[in-house]
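Chemist: Heads up: the sequence lines are chains A and B, in that order. The opening position of the first sequence corresponds to residue 15 in our numbering, with each subsequent residue numbered one higher. The opening position of the second sequence corresponds to residue 15 in our numbering, with each subsequent residue numbered one higher.
Be aware that one or more of the hints could be misleading.
Pairs involving identical chains hold if they fit within one copy or between any two copies, as the list cannot separate such chains.
In the DSS-like style, the derived pairs of lysine-lysine whose C-alpha atoms are separated by at most 25 Å in a straight line are [as the list claims (entries may be wrong)]:
| id | residue 1 | residue 2 |
| --- | --- | --- |
| 1 | K327 | K389 |
| 2 | K379 | K96 |
| 3 | K368 | K294 |
| 4 | K389 | K338 |
| 5 | K189 | K327 |
| 6 | K189 | K322 |
| 7 | K50 | K392 |
| 8 | K143 | K189 |
| 9 | K392 | K338 |
| 10 | K103 | K389 |
| 11 | K115 | K96 |
| 12 | K379 | K392 |
| 13 | K152 | K70 |
| 14 | K395 | K338 |
| 15 | K46 | K189 |
| 16 | K338 | K46 |
Think of the hints as simulated: they come from the structure by calculation, not from any bench. Small disclaimer: the values here were computed from a predicted structure and weren't measured.
2 protein chains.
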Amino acid sequence: MSLLKQKTYQPLTNESAVELALGLNIFAENAKLSCKEIGDGNLNLVFHLVDEKDRKSIIIKQALPYAKVVGESWPLTLKRAKIEADALKFFGQIAPNYVPKVFFTDDVLAVTVMEDLSHLLIARTGFIKGETYPLIAKHLGEYLAKTLFFTSDYGLSPSEKKEQVQRFINPELCKITEDLIFTDPFFDAETNDFEDGLRTGVESLWQDEELKFHVNILKKSFLTETEVLLHGDLHTGSVFADNSETKVIDPEFAFYGPAGFDIGQVFANLLFQVVVNIEKRDLFINHIETVWNVFEDQFTQLWNSENKEAYAKSSTFLNYILTKFFEDSLGFAGCELIRRTIGLAHVADLDGIKDEQTRIAAKQKALDLGKILIKQRKVIKNLDAFIASVKEVL
Amino acid sequence: MSLLKQKTYQPLTNESAVELALGLNIFAENAKLSCKEIGDGNLNLVFHLVDEKDRKSIIIKQALPYAKVVGESWPLTLKRAKIEADALKFFGQIAPNYVPKVFFTDDVLAVTVMEDLSHLLIARTGFIKGETYPLIAKHLGEYLAKTLFFTSDYGLSPSEKKEQVQRFINPELCKITEDLIFTDPFFDAETNDFEDGLRTGVESLWQDEELKFHVNILKKSFLTETEVLLHGDLHTGSVFADNSETKVIDPEFAFYGPAGFDIGQVFANLLFQVVVNIEKRDLFINHIETVWNVFEDQFTQLWNSENKEAYAKSSTFLNYILTKFFEDSLGFAGCELIRRTIGLAHVADLDGIKDEQTRIAAKQKALDLGKILIKQRKVIKNLDAFIASVKEVL
Numbered sequence: 015m016s017l018l019k020q021k022t023y024q025p026l027t028n029e030s031a032v033e034l035a036l037g038l039n040i041f042a043e044n045a046k047l048s049c050k051e052i053g054d055g056n057l058n059l060v061f062h063l064v065d066e067k068d069r070k071s072i073i074i075k076q077a078l079p080y081a082k083v084v085g086e087s088w089p090l091t092l093k094r095a096k097i098e099a100d101a102l103k104f105f106g107q108i109a110p111n112y113v114p115k116v117f118f119t120d121d122v123l124a125v126t127v128m129e130d131l132s133h134l135l136i137a138r139t140g141f142i143k144g145e146t147y148p149l150i151a152k153h154l155g156e157y158l159a160k161t162l163f164f165t166s167d168y169g170l171s172p173s174e175k176k177e178q179v180q181r182f183i184n185p186e187l188c189k190i191t192e193d194l195i196f197t198d199p200f201f202d203a204e205t206n207d208f209e210d211g212l213r214t215g216v217e218s219l220w221q222d223e224e225l226k227f228h229v230n231i232l233k234k235s236f237l238t239e240t241e242v243l244l245h246g247d248l249h250t251g252s253v254f255a256d257n258s259e260t261k262v263i264d265p266e267f268a269f270y271g272p273a274g275f276d277i278g279q280v281f282a283n284l285l286f287q288v289v290v291n292i293e294k295r296d297l298f299i300n301h302i303e304t305v306w307n308v309f310e311d312q313f314t315q316l317w318n319s320e321n322k323e324a325y326a327k328s329s330t331f332l333n334y335i336l337t338k339f340f341e342d343s344l345g346f347a348g349c350e351l352i353r354r355t356i357g358l359a360h361v362a363d364l365d366g367i368k369d370e371q372t373r374i375a376a377k378q379k380a381l382d383l384g385k386i387l388i389k390q391r392k393v394i395k396n397l398d399a400f401i402a403s404v405k406e407v408l
Numbered sequence: 015m016s017l018l019k020q021k022t023y024q025p026l027t028n029e030s031a032v033e034l035a036l037g038l039n040i041f042a043e044n045a046k047l048s049c050k051e052i053g054d055g056n057l058n059l060v061f062h063l064v065d066e067k068d069r070k071s072i073i074i075k076q077a078l079p080y081a082k083v084v085g086e087s088w089p090l091t092l093k094r095a096k097i098e099a100d101a102l103k104f105f106g107q108i109a110p111n112y113v114p115k116v117f118f119t120d121d122v123l124a125v126t127v128m129e130d131l132s133h134l135l136i137a138r139t140g141f142i143k144g145e146t147y148p149l150i151a152k153h154l155g156e157y158l159a160k161t162l163f164f165t166s167d168y169g170l171s172p173s174e175k176k177e178q179v180q181r182f183i184n185p186e187l188c189k190i191t192e193d194l195i196f197t198d199p200f201f202d203a204e205t206n207d208f209e210d211g212l213r214t215g216v217e218s219l220w221q222d223e224e225l226k227f228h229v230n231i232l233k234k235s236f237l238t239e240t241e242v243l244l245h246g247d248l249h250t251g252s253v254f255a256d257n258s259e260t261k262v263i264d265p266e267f268a269f270y271g272p273a274g275f276d277i278g279q280v281f282a283n284l285l286f287q288v289v290v291n292i293e294k295r296d297l298f299i300n301h302i303e304t305v306w307n308v309f310e311d312q313f314t315q316l317w318n319s320e321n322k323e324a325y326a327k328s329s330t331f332l333n334y335i336l337t338k339f340f341e342d343s344l345g346f347a348g349c350e351l352i353r354r355t356i357g358l359a360h361v362a363d364l365d366g367i368k369d370e371q372t373r374i375a376a377k378q379k380a381l382d383l384g385k386i387l388i389k390q391r392k393v394i395k396n397l398d399a400f401i402a403s404v405k406e407v408l
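Chain A with its partners taken away, still in its complex shape (with noise of 0.2 Å):
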């Protein structure tokens, strides 16, 4: 079909992007398909086409050569289209029941076309309305041990975890974590954002040389440790849920890191709903004990049974390796509290507070609670005393 062969790469329109989708046999020949553009991500052009009559949809999604958040100012290639799609697969292989299925890549467009998961709500929305998602927990658990452990040196031969290092070496979106996530927050940056009310706050933290020293070594190992294949931005804006469903989504920030940065992006985005849900408090605590515990006995489980290592007999390095993730979550999970409350990328749970004196209050304790975790994660030594930490911050 004409727009594929063509093989230059244009943005999408509604129009176009029905022309893909009637190319690719998904739909009947005759096919009338709606079409809207729905994106509310920074980075991409997302479109919903329905077949009304025979009640089939898809999504296509397409990478965008620049970053809307900051305009066009900040030029991105459409390379990451392939990583996402690339990893979209490879997580399907490992963990089907949490990641959309794909239907259809294209390098050229930057196109991935998926599995519909409208009937499901971004979990971050689904929270803020008053959703709990109660197997969301668990299904996050489950997707962390099966992708941590499946992309490791321990559950690939040598040759495969070096070759998908290579194949998910991705500059420009691990730049932009390294800028937003680990960098500017802890200094007077440009991109920085928040209110006047935080100000003394955020200062002292600027000034708090211990905090940036942990940062700095926090951010070395996000620059250095290819343990694992991670998502990349596993924040809850990125897992569609319901009741019964959960859908891990937009893996464009893919690339081989340590293990603790995904499990710290799902505490500290619990943690959110943690410090401004007050009435459903100890349910949010009860999900972040359950993403451990399922990980844990998940990923001891995968360990003991599909490991490719000599040496995984030994149960003493398993619990090195448990421990080392668990502290650099905490780390993680304290810059990403940080970072998305003075950063330039915020967050609806804290943002979406009315009041002015509550707002303020609540992003002055996501900044309390990041340092804590930023500093004390090695002091922190267990689940139990992580949870008392968030409590007494509380």
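Knowing the structure of chain A, use the given hints to seat chain B on it.
Modeler: Relative to the frame of chain A, chain B by itself:
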């Protein structure tokens, strides 16, 4: 010329090596070249070509598609010749005084044509003959400081660093190290090779779960930490020297790994002389001290003057990095001491000792020292404590 036009791999002969050399405009057109294969490595052919008339000479190194040490049963792709050539060029830009000049490379023939260093001696051979090379330690310290800084996240931009990581993914040669340094010596593996007199010591090592736990951690570091572009095989057989010059050759094992690995191999291979060369023991201890002191001093200077990282001004973080490098170096040195004593590839420093009792005693000391360095690497806080540990074993 015919050989290069042909574009299929074939092992060079003396005749075709001369033919290749004459096509490169290095020698006069009608030069009469003598050629000799002088390789004593396991993986390559090395031709020495001389034009007696013009007093010019070069080396042609060609990768073999298998490892000679285990016959043709251990196939290796020729891609490593490209990695070696790329590494020689990259290291040559960073530390030109300590790396042979490259005149020509060809990926299909897996050939590198380079500076002839035959006026120098392989350092291990020189040491065994009684040489001490007064400048070698200072030169290696400087080589390490420059290569380990300028290939790191602190000496390269984030995107350049990631590009280099991708370029130097080296699964086959890394697998050799993973097996022969980090795995086989610690299990009753077929590749191991040790004298009967060492059996008791070796078996106690195989049963030492604490030791294996620490080796597993070091192996994980080797598998996952992309700190710097390593030489990857920096023993004294990869160094040419005389009293004024030092050249580091053969970086075919180059890949992004933990900085302490290169430093540790230098430590370990100097330690073999400390163990066997009783007369010059203090001198080789002094070499080890000089390597670290020069490395630390020059790395610190580069850190302060050339750092590309926002957090660079933190001297606590530099201290953290240097401490980590030092600890890692001790651990990796310990692994090298053990594998060169009981693993597949030995060193002439130990094997060359004629008297059996002396030889077994020296080898047992290498094993004991290896175990201590691996287990105590976080306890041995500085160079003095390191040297004290060495002296205690001796």
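Chemist: Checking K115 and K96: alpha-carbon separation at most 25 Å within a copy, between copies, both or neither?
Modeler: within (15 Å within a copy, 39 Å between copies)
Chemist: 25 Å Cα cut-off: does K189 pair with K327 within a copy, between copies, both or neither?
Modeler: For K189 and K327, the Cα distance is within 25 Å only across copies (20 Å; inside one copy 37 Å).
Chemist: Can you give me the call for K50 and K392, within, between, both or neither, at a CA distance of at most 25 Å?
Modeler: neither (48 Å within a copy, 59 Å between copies)
Chemist: Classify it for me, K189 with K322: is the Cα-Cα distance of at most 25 Å met within a copy, between copies, both or neither?
Modeler: between (32 Å within a copy, 14 Å between copies)
Chemist: Please sort K152 with K70 into within, between, both or neither, judging by C-alpha distance up to 25 Å.
Modeler: neither (29 Å within a copy, 71 Å between copies)
Chemist: Cα distance capped at 25 Å. Does K338 pair with K46 within a copy, between copies, both, or neither?
Modeler: This pair counts as neither: shortest intra-copy Cα distance 53 Å, inter-copy 63 Å.
Chemist: I want to check one pair: K379 and K392. Are their C-alpha atoms no more than 25 Å apart within a copy, between two copies, both, or neither?
Modeler: Within. Shortest intra-copy distance 21 Å satisfies the 25 Å Cα cut-off; inter-copy 36 Å does not.
Chemist: Given a CA cutoff of 25 Å, do K368 and K294 count as a within-copy pair, a between-copy pair, both, or neither?
Modeler: Within one copy only: 18 Å inside, 77 Å across.
Chemist: When no copy is named, should K379 and K96 be tagged within, between, both, or neither for a Cα gap of at most 25 Å?
Modeler: neither (39 Å within a copy, 54 Å between copies)
Chemist: How would you label the pair K143, K189 (within, between, both, or neither) given a Cα cut-off of 25 Å?
Modeler: neither (33 Å within a copy, 52 Å between copies)
Chemist: Is it within a copy, between copies, both, or neither that the alpha carbon of K395 lies no farther than 25 Å from that of K338?
Modeler: both (10 Å within a copy, 22 Å between copies)
Chemist: What label fits K389 with K338 when the C-alpha limit is 25 Å: within, between, both, or neither?
Modeler: both (15 Å within a copy, 19 Å between copies)
The earlier numbered hints that this structure contradicts are 2, 7, 8, 10, 13, 15, 16.
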